[in-house]
Every structure is written in structure tokens, then in C-alpha cells.
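Student: What follows is each chain in one-letter form.
2 protein chains.
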Amino acid sequence: MEQEPCKYAEATSHNKEEHADDEERDPESNSLYQPLLKRNRTLSSSPLAMVGAKVSHIESLDYEINENDLFKQDWRSRSKVQVLQYIFMKWTLAFLVGLLTGLIATLINLAIENIAGYKFLAVVNYIEKERYLVGFIFFTGVNFLLTMVATVLCVRFAPTAAGPGIPEIKAYLNGVDTPNMFGATTLFVKIIGSIGAVSAGLDLGKEGPLVHIGSCIASLLGQGGPENHRVKWRWLRYFNNDRDLRDLITCGASSGVCAAFRAPVGGVLFSLEEVATWWRSALLWRTFFSSAVVVVVLRAFMEYCKSGNCGLFGGGGLIMFDVSDVSVSYHAVDIIPVAVIGVIGGVLGSLYNYLLHKVLRLYNLINEKGKIHKLILSLIVSLFTSACLYGLPFLASCTPCDPSLTDSVCPTSGRMGNFKQFNCPKGYYNDLATLLLTTNDDAVRNIFSTKTPTEFHTFSLIIFFGIYCILGLFTFGIAVPSGLFLPIILMGSAYGRMLGIAMGPYTNIDQGLYAVLGAASLMAGSMRMTVSLCVIFLELTNNLLLLPITMLVLLIAKTVGDCFNPSIYEIILDLKGLPFLDANPEPWMRNITVGELVDVKPAVVTLRGVEKVSRIVEVLHNTPHNGFPVVDDGLIPHVGLPDGATELLGLLLRTHLVLVLKKKWFLNERRRTEEWEVREKFAWVDMAERWGKTEEVAVTNEEMEMYVDLHPLINTTPYTVVESMSVAKALVLFRQVGLRHMLVLPKYQATGVSPVVGILTRQDLRAHNILSAFPHLERSKGSKKRH
Amino acid sequence: MEQEPCKYAEATSHNKEEHADDEERDPESNSLYQPLLKRNRTLSSSPLAMVGAKVSHIESLDYEINENDLFKQDWRSRSKVQVLQYIFMKWTLAFLVGLLTGLIATLINLAIENIAGYKFLAVVNYIEKERYLVGFIFFTGVNFLLTMVATVLCVRFAPTAAGPGIPEIKAYLNGVDTPNMFGATTLFVKIIGSIGAVSAGLDLGKEGPLVHIGSCIASLLGQGGPENHRVKWRWLRYFNNDRDLRDLITCGASSGVCAAFRAPVGGVLFSLEEVATWWRSALLWRTFFSSAVVVVVLRAFMEYCKSGNCGLFGGGGLIMFDVSDVSVSYHAVDIIPVAVIGVIGGVLGSLYNYLLHKVLRLYNLINEKGKIHKLILSLIVSLFTSACLYGLPFLASCTPCDPSLTDSVCPTSGRMGNFKQFNCPKGYYNDLATLLLTTNDDAVRNIFSTKTPTEFHTFSLIIFFGIYCILGLFTFGIAVPSGLFLPIILMGSAYGRMLGIAMGPYTNIDQGLYAVLGAASLMAGSMRMTVSLCVIFLELTNNLLLLPITMLVLLIAKTVGDCFNPSIYEIILDLKGLPFLDANPEPWMRNITVGELVDVKPAVVTLRGVEKVSRIVEVLHNTPHNGFPVVDDGLIPHVGLPDGATELLGLLLRTHLVLVLKKKWFLNERRRTEEWEVREKFAWVDMAERWGKTEEVAVTNEEMEMYVDLHPLINTTPYTVVESMSVAKALVLFRQVGLRHMLVLPKYQATGVSPVVGILTRQDLRAHNILSAFPHLERSKGSKKRH
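Order-wise, the sequence lines are chains G and U.
For the record, in the first sequence the residue sitting at position 61 is 61 according to UniProt numbering, with numbers rising by one throughout.
For the record, in the second sequence the residue sitting at position 19 is 19 according to UniProt numbering, with numbers rising by one throughout.
If you're looking for bench data, these hints aren't it; they were derived computationally from the structure.
One or more of the hints may lead you astray.
As the list makes no split between identical chains, a pair holds if one copy fits it or if it spans any two.
[As the list claims (entries may be wrong)] In silico lysine to any residue, SDA-like type, Cα no more than 20 Å apart, as pairs: (1) 662 with 223; (2) 90 with 555; (3) 90 with 584; (4) 72 with 130.
Excised from the complex, chain G in its bound form (with noise of 0.2 Å):
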């Protein structure tokens, strides 16, 4: 019984074991009654994924209440006072989480603006004069200087920092934690990688990284500071536990979208639609009020910033694309363009993902290689980028200035402005320079510029998306913090724009809406969002009368998106292979049983109420598992129960095990514990640390043979699922409620029978590894009529 639970399908296993061989049989040949043939495989269930560029070992999130004796207790001696602390808390903290992100946030934008900025200036100094190679030099030179510094930052020293984080921040809510993602270093990293990456002029952008680090300063508050100095307060033992951080990621999440885009409604619908995966109105409501603190830092600042005082930050500040000035008007006949946008967006959004797949796996191929090889890589990435932004202008022709406009304006000599002089006679302008020669922000704005139906020809535009399209393939996957917000908003107004231009004369709609539809159409074609993108857009251009129209892009574009490839995110999810839950189960897990899924893995291992020490150390040492079934026999007989009746007790995780290991909780006799026992060993606050590995405990040959009473620790209450629940049920039961661990039970009800057939983790119910387990629904996947 301790060694090898008893199980009652023993004769039904033998039979597994005759038919192994004989895989080829039609599974469906069965009669309906008879539970269909089991397969001789195990699942695969290796918690391994894609951290950053390294493969790390993951763990599953804790995110039900593990409902203990002790967390009882400690719950039940909660005063109203401690209470109302931690509602005061969770309050403080959201606001903190606000208050950072929007600091950060300016912070980043300043420095950004700054350096950009002034490189940008020297730079037309040198053209200027003729100097062309010296400003190329000069160019190239600071741009490879700036990716060095992020990528080697990344490279050496939080791996994690690489990429948007919003995959990684995704898993997490939905419960899967990635190692070193929520750190210190990875927050720094992430501050100054981003800062460098975006002012090297690399064609990404800082949304994704806030939304990264707006995580991370929430996890930060949450637990108090960096891992290895953190504050101890008392008030903060609340937060301490996977729920209420995963809450404060959340707040996070949506801070760093609405920092990014000045965007509070779009960030918390963000959050809702894209990250998160669980929700709960008063959430919303929490994750709202950090929003709305973010707004108002970031309005601060910019009042700030308005008198000058903030070097060449000011202007535009960071309303990206402000085009409430324009009066928008369209008509019936304007639903044509508008629905063609919205194919192309559709169509080249699948097309990019797809690409972009392919360029991850060859990029990961070369990361692999070592920390050089990403180093080289980013650096290569840089001189091509520089080369492009600073070489192609030159294959545009100049364009006499429209005689309306005042000298000042153009062509303009300092960093901003519509009309680059570049190399260009006085009263004439660059288009392509000033497309390509300016940050990414000034790209879009001037791109979605209105009321400038003649300032760029289509071959520049032409020019502009094909170096974008080309950039936003191979920028993404190099060891920066990188966003793909910008990438795809550049490529998208591009062919926007182009088609405005082809649409010119049949239609009301300015060339710099058809911009804007064109990011959105792009941005819904790849990312699969709308709720959240059509508010991000509303408050990006700051125009209501905009919302039908786009809205229909985004539901065109989405839907001619799904008909080819999944979103973008999802593919990097599965690239990096992280067990990331769907809501909804494939429609073949409803031909299988939990039951089936049991069968083919390794017996499960349960442990007694009162345990000998030794068999406790051999089950962490020879089995990897995070939780044990705790089964009792009828040592004390209950009254009206036939003996050798068990009694299922509940959940173990090996974590506490780890801890009443390193706690020497052992006693002489084998015998229960009384409550002050525990409460003398052990705190409430115990019970959320992850108690490290099982190496380092040491446990003398005396202690082998002594007794630990584990009913104290066992979590009582788990969720269970009996062995006749079809997958698909159960994996809904496993998501809805944030499972870690779902127990399965028996359907007989017999003296004999364990009371726990087998235990399910989220690698179990992933629907790749059951397909390695059961190729045969692999098949009937293709086609669903069988009969």
C-alpha cells in the first residue's frame, strides 16, 4: 500500500500490456461500454521551457488556497484590524504599482528622448556641412555603442530582460512562473536595455518592456524588495502567496500598457483581453485606479516638461498620434477601403507570424550557441539597421517645398519636423529622411500626419515598409528588451498610407487615418486583439468619431488572421514552449477519460496522516513530483465504517515537506499532534516560502527512523475529479479555478480500492503531451466525423 497504491485496474493493466504491440487496431472498434485500449506510453511531462534564451526548469504556480490546519488558524485569528491592513495594503501597493510605472516611465521617455535627440542633431550637423561619411561614422558608431550596452547588459546579466516579457507575464497569470522574471537585475536590465535599444534606432519599441516592468514592480512591492534583501514587515506577510502577487502582476500589466500609450481604459482592457486569466470585477476595479494614477504622473510630467525643462523632450510630448483635429467624415462607399485595409492587415499579420516563427527558431539556433553569438548577432542587426535608416534616404529625390509654408517649417533643420532637409537643396525636402532618419515615435507621428495628402511620395513609402518588413523580422528575436507594438505600427501605416494615396480620389478619409486603420488592421492581423486595441487607438488618436470605422478593421482583420495561424503571442508561448492553459479544450479531449490519462503515467505516490521520516526522504529523493495524496487507513476505526476502509486526507506539497524536513518536526511514537505543537514550529508565513531543494536537508540515521504527523500541513479541501471526467471537463475545472494539482479519484466504491487513482498536473492536460500519449486522437483531430 505505501510503496506501490493499490489499484484496482491491475487485471486491466495486464490486458494493456498484451495489446501494446497491436497499436495499429482501430481504437473506435470498440463497443461503447468498454473504456477504449490504453496505450503502453507515459506522458511526458518535462517542466522545461525557453527562459529569456536559456532553458530553464519551471515550476507551476500555487494559485489555489492551500486550505491547512495552520492557514486556517492563521486565518481564524485574523482580526478585523489585520483585515482592514490588508486592504489598505492592496490599495497602497496599486497605487505604488501606479506611481513607479508612470516614474519609469517618464524616465525612460526622457532619457530616450534625450539621447535620440541628440544624436539626431549631431548627425544633421554633419550633413549639414556634406560631411556624409563622418555623420554615417558618427551614426553608426553611437547606435552600435548603445546595443551594445543593452544587449550585453541582457546577455550577462538577466537573459529573462530579452524580448517583450508579455509572453512570459501571460504564463505567469496564467500560472506557470518563469524563473528570474520578476527580479531586481531583470528590472534594471529592462530600464537601461530598453532606454539603449530605442535610441540605437532599432526598430522596436518600449511598449512591451513597460509592460515588463510595470510587472516587475509589482512583484518587486509585492514581496517586499529583491530576493535576497527583502523588507520583513509585517503588513506585507499578506502578499506573500501566489494569489495576491498574481493580482499585483496584473495591476502591473495594465500600468505599463497605459504608460505606454497614455492609454487607462486600453491598458486595463489590455490586461483583461490579452494577459491576464483570471478576473474578478473588483480587479478590474483595482487594476483601474493604478491606471488612472499612471495617467496622472505621466500628465504631471508632461506639465512639467511643457516649460522647457526637460532638454529636447517637450513638443509632441507622449500622445504618440494626436489626431483629434481632424474632422473625420466618411460614407457608405468609404466601408470598401476600410474593409480592404482590413484584409491586407489580416493577411500580412498571419504572414509576419509565420515569418516571424521562422526567424525565432533559426535566431534560437544561434543563441544556443553562447552568450557571443548573441552578442554578434544584436551588433550585426545594428550596423544593418543603421546603414538602412542612414543610406536609403538617399535614393529618394528631393521635393520642392510647398511655397505656403514658412522657411521655419521647411525644410526644418533641427530634429523635428515634417520635412527633413537632409541632402537636399535649401527649399527642398527629404521625404525618406524624414521617415527614416528620426526615433521611431517621430516616425509614426509624421506618418500619421494629416493634412498632408502630397509630402510622401509612394515610392518612399514603398522604401520605408520594405525596410520595416525586413527589420521587424530580424529585430525582434536579438537578446534586447524589445516591444512589437512599434515594429508592426511602422509596417502597418506604411501600406495604410500607400493605400490612402491609391485611394486618393475616391474617398473623404485623409491620408493620415488611412495610416492610423492601416497599424490597427496590422496590429489586430497579428496580435488577434480588438476590444483592447480599438480603445488603445481611440485614445491614441484622441478622435471618437473614429471608433466604427475602426472597429470594423479590427474585426475584419482579426477574423482573416484566424483562419491562418494562432496569435503572436501564442506562437512565441509555444516556441518557448511554456505550458500555457487555453481556455477552451480541444474538441478530442472529450473522447478521453482523466482515467486514461492516469493510466499511462507513473503510479502515483501517497503518503500516511503520521509518516515514518525515511520514507518521507526516499519519496523527495526518488520522485520529482510537487504534491502527494495524503491516504489514511482506518488506523483509528470511525464508527459505522467496515475495517480497512481508507480515508482520503488530502494534498501534500513536497515544499512543505522540504520544510518539516528542515525543521526536524519529527516525534518518537508514531501519534497525532495537538494544535499548540504546531503553532509552536511553525508560522503561517512558513507555508508561502518555496522551500529550496531537497539536497540540502540532512537527516542523521536516528531521525530515519522517527515519525512526522503531517495532518497539520495537508491541504484538505483540494478539487478532485472523478476517474470518468473527460479531459475536456476537466481541464475547464483545471483552468477556471487555478489549479496546481487536481486529484482523481475512483469511481468504484469498494474496500481495496485507493482512494486516489492518480494525480494531474498542467503538463498532463496539455494537449501536446496527450497526443504523444494517444496518437490515435491525433487522427480522429483531422477529421471529426468517425462513425
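Given the coordinates of chain G, work out where chain U should sit on it, guided by the hints.
Tutor: For chain U alone, coordinates are given in the frame of chain G:
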């Protein structure tokens, strides 16, 4: 075993009776390891609730997928074409919901604006001729008649059409089916009644009813038409289940909000924040689509009406309160008045909730007395309203028109405009008449009007505020379709504007914006929504710059309101007795297990896999339950199992038992049926219907001795919990997964123990019911500190 399921806890239950009378013993004095003493009470689970103004029997909905053999067969046999049909229908229905809601909203707006418009024109006509009494009689008479039409329709044909309908929709989406909520009669009465009630000048809005109308349309479309004239179209059969209907009704509700406020994003968020219980990303998207359709329809209609084809409808159109032309500039000091508005909104909102609760209880007493009482109540309210609206403006003094305004603007002679002449001489206007003697929409538009700092006197605003406080309390409960949004907006805008006047010298914010903020604060204080209200106000006022202060006001008002009482919708839900399950379990629910709940319920009634007809008839007659666990003892011995082993087969719904009896699917001997036998008799479509009353079924004595094979009808995958599960966690499961029945399994494993200990339903998990059976929990509720 058949008559009384074997309960292992017989000894315990004996024990229970022994201690039944010492209820006063401290329930916490036991050791932690002993179960708390059971109370010898039963869980009262009366499925009765106020539906409209009548007490009716309510049922729960089956949102869980009933995975029985028939479902599985049907599901497996669905071809790809059928899956595409389903997806196509889903989107078509979402489109139709949007289209029809948009059209009906158009119709309602047209009707109201024209009826009320001609009424006011005639009244103005009488007043101009100084025939004040005739004017009063005409005004009161028309209002009286319109109210009578609305009330008679409501009382006579569809009592469920009274009120806003939002609480019932909220309950439906939570899993409670209130009868006759979504029928064709209800829809019709709601439309006509809403037109009548709003045209009658009663203090109520068309917003709530539009939400109900949208949901009715969705439900009717999904079911293929009204109850008795359903279209039996094959494609529609996929929607004949509670799950798909739920999604459709969510679409309908958000379309309704969208139509009411022309706020598509706000509509979606309203559904999400306030109405829906479950939410998926895919649904978010479809809801958004419906809302987009509504907006397009409304826009097209307004475009058409601009040319004057819609009678008196025109001008302002549907955008009720467009303040987009105001340049909002505010500074740090403006935070103070804004915070004050928020606090006032919170206090007044919760006070309004409190008083409305009292009024509604009083009205319930009146309404219970019969139809004629309801009618009289409505008519009295109508007379009082008419008298106030007509009489009070005489109290206001005449104000001379601003000389800068032309004669056509001030005083206004027609229906619209800000300066009603009323009883004043030429060149003067009556500001109170401007606010009162007009439609509610126009009143809001007037009071929101900006750049009019001297137009309204404080005295007039005080009267306006006072009268609408009284009307707002006493109008809502009468038997006509009535929305809560507008009365609250009217009240809130009044005190907002008053505060604006008071703050005049110290602030830059326009009085009109103060009115908007006041309305928002009272909404948040009463309805306790944040994000959706924020977006609705954003879309209403068409001014993004207002966003930060709106957020601030909403957050403060909600926080203050939450200190006093729950939201108005929760109060109404509670008042109506609808068993709404809240997202968060009560804290004391951790102290009680489902096993304890089950123990105070009558013993669970189980069936066998192959059951005698007489037993089925008996069970149906003697127990009101809607679900029965099916348990088999080892008739067909299983390898590896001891004798006497029992098996949990699943859960059978009452409706399917009735179906079996109706179809007379009886066997002569006790045997299992083959798949083809089942398929011959039942279609999957049959399973979705709700099969009426047991009384309709006649079974002969001969048939009584026959058998039924229940296996194909059993839901083999019910969600289960072990009896040691805490009620708090069971409730989370129940609500998150959307259950109707939850089986409770024993924690002991032994021959002779029943495989099912009990069954829990929505009613059993309601806090109120649990507290009445376990009063000691109530005591612990107050003071959480108990050790």
C-alpha cells in the same frame, strides 16, 4: 439501498440528534480535528423569487455540458460542414441581434421624441395663449393615458416587463432562469410600455429597458421564435441549449447598452463588469461585433433623420450629451472640488440605494394586493409627476435673456432649446421650465450644456434636484418598464451643477462639466461600476480629456458608497430573492464543509443504471429534485473488484427522466440497450428541451413493472467534490464552472459506503440559506477573531 441510500454516517447523525437541543454550546470548543457539531436543521431551498411583481417558481440553468452517450454520439457525428454551420450561425445571430436591437432602439427613440414632442408643442401652445389650466389638463391627461397604456400592458400581459430587467438578466447569466423573462410578449410589452412610460414624462429612462429588449431579441433569435411558434430550422438546433443562449443574451445585453448610450465599448464593458458572470475572450469579440452593428444602424438612422424625415426627431439626435467642443483645462487645485463631488456622489448614492430599498419593499406590499392596485399606484405617480413638472416652474422667477442672444434663441418658442419662455413676458425665460417641461433626455442635455454659467439659478436647481430625488425614489417601483440610469443622471447633474456654481470663482472647470461629473459620481455611488461607467461617459461626452477626472470621481464615489451598502442591482436581486451566486465566497464559508451541508439536507435519492419504471415514477412524484445521481452495485462483476463494490455512473436530469416516460422507452427485462436502440428513439435535440411536468405522463400498471436503461441518458462526467471540501472552495468551483448540481463524494473508501453522499445545488450554497441552518456561523461572522 434503493429507497434510502446507504449512509456511513448513521452513527454521527444519531449523535447529531442527541445534541440537537444544546445549540447554545460554543461550536468552537471542539478540537480542531473533530467535525463541528451538526445542527439539526435543514437547508431551506425554496426556489421561489419575485419575477416582475409576482412570486414565481424559478429554475437553474444547465450551463454545464451534459456529456451523456447521446451527446457524445451527436457530437462525434458532427461533420466539418456542421461545425462551420454552427460558427456561421453564431456570427449571423450576433449580427441579427445587433441589427434588430439597433432598429428597435431607433423605433423607440422616434416614437418617444414624436409623441413627447407633439405633446410639449401643444402645451407650449396653450401656455402662449395663457390658457394655463387647459394646458395643465391636457398635459396631465396625456401623461395619464400614456402611463395607463404602459401599466395596463405590463400588468395584464407581461408582469416581467416591469422594471429595468437588468437584475434578472444578471441572474440569468449567473445561471438562474426566471420564467417569461425573454418571451415575445415581454419584448412587445417592453417596447410599447417603454415608449409610453418615457413619453408620459415619468422620471425613468429607456436605457434599462433597452438592455432587456436586446436580451429578449437575442433569446428569441436563439430559440427560433416565440415559445409556441418556433422555427424548427435545422441550423438553429445547435443553439437550443442554455450555454449558447447565454452567450447570445450577453451579446443582446451589451447591444442594448450600446443602443441606449450609443457607446459600443461602454456597452461591452457594461456587460462584462456588471451583467455577465462568465466571460471568454471569444465572447468579448462577438459582443463587440454586435455592438458595432448597433452603432452602424444608429448612425445610418441619424444620417437619414438629418434631412428631416423623422418628424420632431432631429437636432441633437442620439448623442445625448456631447461636450466635445469644450476645451477642458484643469489644474492640481481642481482635484479638490472633484474629490468633493466624488464623496457627495458616494454618500448620496448609497443613501439613494437605502431609501429605494425601503420604497421598493413598500411597493411590493401594495403590488401584492392585485392588479388594480398596481395600476392605481402607477397612475398616482403619473399625476403627481405631471403636477410637479407643470406646476413647479411657476415658482421660478423670469430671467431676462442675455442681450447677446438673438430673439430666435431666447426665449425659445418651440420644443427644443435652452430658454423656455413659459409664463414669462417676451425677452425673458423661465429656467426651471427649461429643465422640467421637456423630455428627460432634453433636460439632461440642458443641464449638461456648457458655457452657460448664468443660465440656471441656484434656486431652480435646488427645486429640480429636490423634485427629482422624490420622483426618482417613487417612480422606479411602479409597474412600467423603467430604467435607473436616467433618474440618477438627472439627480446627479443637478447637485453637480450646484457645486459648479458654488465653486465658480475658484475653478476653471465649466459648470456643464460639473454636471457631468455629478451624474457620474451618483451613478458610481449607486451602481458601483467604474470602468464601464467611465467609458460610457467618455463616449457620451465625446471628450477624452475628461478621462482622468472622471476616473477619479468614479473611484472616490464607489469607494465611499461601498462603505455603506451594496450596489443597487445587488439590492434588487436580493429583494427579488433571485439566488445570485457572488464571485467571492463569504469568509465564514471556510469554516464549514460541504459534508456538513449535505448532512442537514434530506438524504440523497439515487437511481440505478437499469431502473424499474415504478421506481422512476415514484421518485418523480415524491421528490422535487432536478438531478439524481445514478449508482450501480456490481451487477456485472468487474475484474479486480471485490464483491459489493458500487460504481458512480453519473448524474441524470429530471427532464430526461420525464422524457423517458413520455417516449415510453421501456424494456421488458432488466438489460442494457444497444447504441442503435437508443438512436432510434432519441434525437440529441430532445435532450435540450425542458420536458414539462410529471403529471402529464400516464403510465399503465403493466408498464410500471417494466425497466428502463438509463445509461445512455446519464451525464457521465458530473463535477464532484469530496465531503471534506470547504463550502468556500466548493462555491468557487460551482460558480466558476457554471454548475447546476454538484455531487458530494465520501472521503472514505470502503465497501458499503455510498459512492454519493449528497448533492448540492445553487440554493444550498447561498449564504443566507446556510446561515439559517447553521446560526453559529452568523455569530462568527460579526467578529472574525475567535481564538
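Student: Next step is simple, just say for each hint if it's right about the structure.
Tutor: Here's how the hints hold up against the structure:
1. In this assembly of identical chains, residue 662 and residue 223 lie within 20 Å of each other by CA distance neither inside one copy nor across copies; the values are 22 Å within and 62 Å between.
2. In this assembly of identical chains, residue 90 and residue 555 lie within 20 Å of each other by CA distance solely across copies; the values are 15 Å between and 37 Å within a copy.
3. Taking the shortest Cα distances, residue 90 and residue 584 sit within 20 Å of each other only across copies (16 Å), while inside one copy they are farther apart (32 Å).
4. With identical chains, the CA atoms of residue 72 and residue 130 are never at most 20 Å apart, being 77 Å at best within one copy and 76 Å at best between copies.
Hints 1 and 4, counting from the list given before, are not met by this structure.
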